[in-house]
Amino acid sequence: MHRGFASLLLSLSLLVLAACGGRAPKTSGAEPGARLLTEPQYRSIIADVFGSQITIGGTFDPLVRTNGLLTVGASLARVTPAGFEQFDRMARSIAAQVTDPAHRDYLIGCAPQDVARPDDRCAEQFLGRVGRFLFRRPLEREELATRVAEARRAAVELGGFYDGLAASLGGMLVSPSFLFVIDVVEPDPDARGSMRLDAYSKASRLSFFLWGTAPDEELLRAAAQGELHDRRGLERQAERLLAAPRMEAGLRAFFDDMMAFEDIARIEKDSIIYPAFSAAVASDAREQTLRTIMRVVLEENGDYRDIFTTRKTYVSGALGRIYHVPVDRPDGGWTPYEFPEHDPRAGIVTHVSFTALHSHAGRSSPTLRGRALRELLLCQKVPDPPGNVDFSKFNDPHSPARTARERLSVHALQPACAGCHKITDPVGLGMEHIDGAGQLRTAESGVAIDARGSLDGIEFADVGGIGPAMHDNPAAPACLVDRMYAYATARPTQRNERKYVKYLEREFARDDYRVPALLHKIAISDALYAVRPPVEPSPAFARNTP
Amino acid sequence: MRGAFCWAILLPCATVATAAPRTLGFVITTWNIAAYETRFADECPLGLNPGYDELWWRGLSKPDRAKFTDNGLKSRLERYFVAIRRGPNGEDVCMNPTSVKDPPLMLVEGEKSYGMDLDGKDGVATGKSCPHQEFTGLDGTPGVDNQLYRLLGCVYGFRSYGQFEANENENRKSNGKGMTLIEVTGVDDVRNDPDVRVTIYRAVDQYTLDGSGRFLPYGSYRIDVADGKPRYSSTLRGKIVDGVLTTEPGDVNLPFYGNYTYMNRFLRDLRFRIKLADDAASAEGMAAGYLGVDQLMFYVGGLGPIQSSAPANCPSIHVAAYEIADGHPDPKTGRCTTLSSAYNFKAVAAFIVHGESQRYADGWFDRVRRFISDLRASN
Amino acid sequence: MTFLIPKAVSRRSVLRGAIGGTTVGVALPFLDAFLNDNGTALAATGAPLPLRFGTWYWGLGHTPGHAITPKTRTSAGIDFLEECKALKPHEQYLNYFGGFNMPLDGRSNYTHFSGWVASRTGSAPSSNSEIPAPTLDLLVADQIAKNTRFQTLDVTAAGIARENYSARSTNSRAAAEASPEKLYQRIFGFEFADPNKADFKPDTRMVVRKSVLSGIGEERRTLFRKLGSSDRARLDEYFTSIRQLENQLDVQLQKPAPNQACAIPVSPRRDGPEQNMPQGLEVDTVIANHRMMAQMVAMAVACNQTKVFNVVFSDNFSHMRRPGQTYTHHLLTHEETQDKELGYQPVAFWFNCRTMEGLATFIDAFKNIREGSGTLLDNMLVFAATETNYARVHSLDGVPVFTIGRAGGRIKTGLHVVGNGDPITRVGLTAMQVMGVPIDSWGTQSLRTSKTITEILA
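Protein chains in written order, with this note's numbering: chain A, 303 to 848; chain B, 604 to 982; chain C, 52 to 509.
Coverage of chain A stretches by chain C, computed from C-beta distances (three or more under 8 Å per stretch; other residues unrestricted):
hint: 1; stretch: 330-344
hint: 2; stretch: 386-396
hint: 3; stretch: 458-470
hint: 4; stretch: 573-579
If you're looking for bench data, these hints aren't it; they were derived computationally from the structure. C-beta atoms are modelled at their ideal positions from N, C-alpha and C, and glycine is treated no differently.
Isolated chain A (complex conformation) (with noise of 0.2 Å):
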């Protein structure tokens, strides 16, 4: 009887189990971490706090691309003097800018009793203020006294209100409570003997994912009040933050990233080999792509595959000359365009901020592109071409190759080469159509271009069937959840979330690809907050374990 029973409840179980499509895998995250601030984040902070007037200019050090996001890269990026040096530069001239004359009276809110001398009670409401988003955190009674106190001195030291409290702001602007985006934890109520991150900790990685920037009032309320502790309240800011305007700026720097797009403004053409090519050709090009794939993905909910075959597309002067198509506004502004039935040209691959950015300055590259799409969009690894290559046996000094593909057709024969030529000359092949400008072409140095090409067993004539190819990838799908997990928690991927992620890729498969449903996902789960205790025990966890 008890047997019956059992397996009887055992099977409903199961079914309702069943029904519910599986649950998320758990994780446990990583340890506490400190990444530090990525350039767009920076920006995007010091224009939600002083607004966009302030001016920004400095070199930040660069990243290096890691999991393929440089905001993984951030997570483990050093601050080398002549970086710190250049920080430094910029906290000066933006905390300049703050409090000159143009900008004090609406950035500040209150007014010095003499502006020749310190003023402690304005100092300390602008600094708290000002402070409490800057450190995404309310600053602690005895961190607000020594910057007011700082300021003070300052003031005095320099002869001036606004000099002193410059001063101050600047060196928040270097803090590293500033500069570094810093995971607290806290002991977990809920589990005994766990750790969870704090609410700010957890407010500021929902803001950064969804937002690419600091969280906001709201955000730093709902914080302050424990709401963020609570599923409901945690899913309310989430489902806030998601239904923004300010939505499109986040996930714009999130493909941002994935694009690698970061470099594409300096891109360099040869202006004698491709005059049409200009800076404005290069930054339109960014825009072009970047608004493509936020109709698709945000402004329809649609398809993520999508942004592989959609003829749609935005033109600018600039890119009208290269494309070949007409514009409505010449002088500025971008037209909606469709690329017509037979034009190769659709989706994201054939854009010039895909064939351009994967170029030599003055010829394409089948090869660069072929790594770039099986790199950035497929997450496939390539391996780097080995040492000891010898092209000597096969360059017939006779006959020098006109076309990449005579060009490329002897990594085909040297088995040295085959290996990993074969993952991306193929599809790179396929494009030869579109040069290196991102221009449409039919022949190479008066020969006609062969163009068929291949991914992963799909075959193609010209660069018009990739992105069908890149539409039945099934890596093309995983690969967006893969990254979109790693740019959320800004770290590398650790291998107890595999599991969770290989989740996600299916439930993106369920939810027909649509990119808000797995942003939500990811911002309301468990996974994205959780953390594992540091290997070393800091002297404050073990203080406040009971």
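Chain A is fixed; fit chains B and C onto it per the hints.
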């Protein structure tokens, strides 16, 4: 395979069965009077014409010469403002060409010229034309009518090294005024088509140049529209034979800007012969027709100080222009009022934008509103 | 790497001996008798030891057989061939090191990467982005550049700021300055204290800045309580960088000693509408920017703004190109056909020649500044290297290295040193020892060495 690479010729294409005629667009990049010149000016056996400055100089006494030119130290440009006002009452002789009687203009006496046979006759008087000498084309074609060349060919300023025309082209290139668009519609076959339409528009968007200052093809240009109607839209019928587009003659309004003169040129019985590049990315050709003498003199009269760098003399040109005019006689006086002429031009492919520019007039007000709100925001 | 008592090394302090016929050098501490009380000046003259160190980087190696005639034994006299003939007039300041190898112990040769990482850090990288140890210039800077305005000055004429061949670790790599104007502003802008100006007033703003920065330093303890061990190391580096800036301010708050050699150069800003120098990879742009930057760096050194610098002429993938040509320098090395008569790739060779001319320009920039009884070159040492020998095949054997400068008389010059297959780290080790870094061995696995190249020691 999509349409067997028909996209490859960069044309929107379809199969022959469902032929949809396409449109070609060009923006004219350089425009010059088609003037044949030899290295040693053999076509001007009496030499090139004296300019206003020399004629002024000739009329001065020696002491006056020293006085007005600082003993010869004043540059021609500096003394232009005095020299041009040699009318008996201080008139600017360019704007008042009949105020003085100057030596007759030396005309071109060579036999060869660019151009086309406009009157279909041998230069004798007809109801529609006045007697004049005709030229032989460079390819041997007889009966070429080009009185504009005859008139200006021995005027230094209008020769290739004389600067007037180089300046015009440079002006247009840098400020985008007087830009002409050529739209060819109803094209079924870029190489051969018996029936197409050629329409002339004025562009309101400036040229795009590459880093070295060359014209870039495939830019988009909005047309000039007022009250919902294009300001320029003369249309001619034409045909394409072996990649060369020729049109029937017709009256055409052409935008014009050059040397600070902005005008609407009205060319009568104008016809085009345009060689299209194989990929239709560029074109070059000739337009020939009749230019009103008054229009020409309006331009010449407004040349201004640029004449100081390349001699020309308005009064002489004025008299000669009316004398050798060969077209469109005035019904009352019988005197011809237009000069046969020919122009060489080059063009690059362009997208001619109609729709948006319908709103261009309104767009202006949007821009003004935006400007004012920006101004307020920054204060 | 073991550390001895930190003192500089000179020839007198190196015991020479012969073991099995090969010369062996063992570093000994610099004898106290030669130094003043705090070891920073020669007792006899009281003059400080103004030694400087730099690195110069060029991409894509040499054309074998047309650069420098190989030798079988180390001896005086460098035979400059066609590609390197621009260096001939500077032979008296150069040493050339040929025949040194880079064993990778089974790790991949990450093309255009392993070569420079191994020779500058002493270890072969395990991935195409790993920098396993600090580059030698930073080890030298840690030793000699404690109180200079800039710990190092990193510049690049190749227009790519991230290609800086100086790094402390994979994730600690500063951006090199790629713009001549920005470089000028950074060194000679309003924060520059002209040593030859009669009046000097410590700028109160710098006092305030120092105070602010030291306040941040105090956040360290509270912060570290919250962090795990790996993050502490990263944040430690951040706090060290703050201290470096504090040092900078300290230096600027003191009146600089008058310095005859120091003259503020003219700003590179051109007059007219195009204010900004083009940056980019057209070879003429690279050559022009390099000349300007070399001169500025030389003057920065002369004005004691820095003691350590890193100059990049062309990046490791040398994207240099000529207008209207589809090939870059790098692509040429792989795809250009070898001319049957000449025996090399003509256009790639052309780029290599321009590169060596660049090196000559660099040397000139320092040679043109008098210091003491000689020039700057007499008091500095530059490690000039590339990442490959024959770029076409990415070979790592016999990667050429030059040293430039006399290091204050501590080294001989004009020598062609033959490596006989020894690890290339011997060159870096020797350079560091000459500069006073207290190490007696350097590198890991097969790149590990403790054999100083005694032949160049004076």
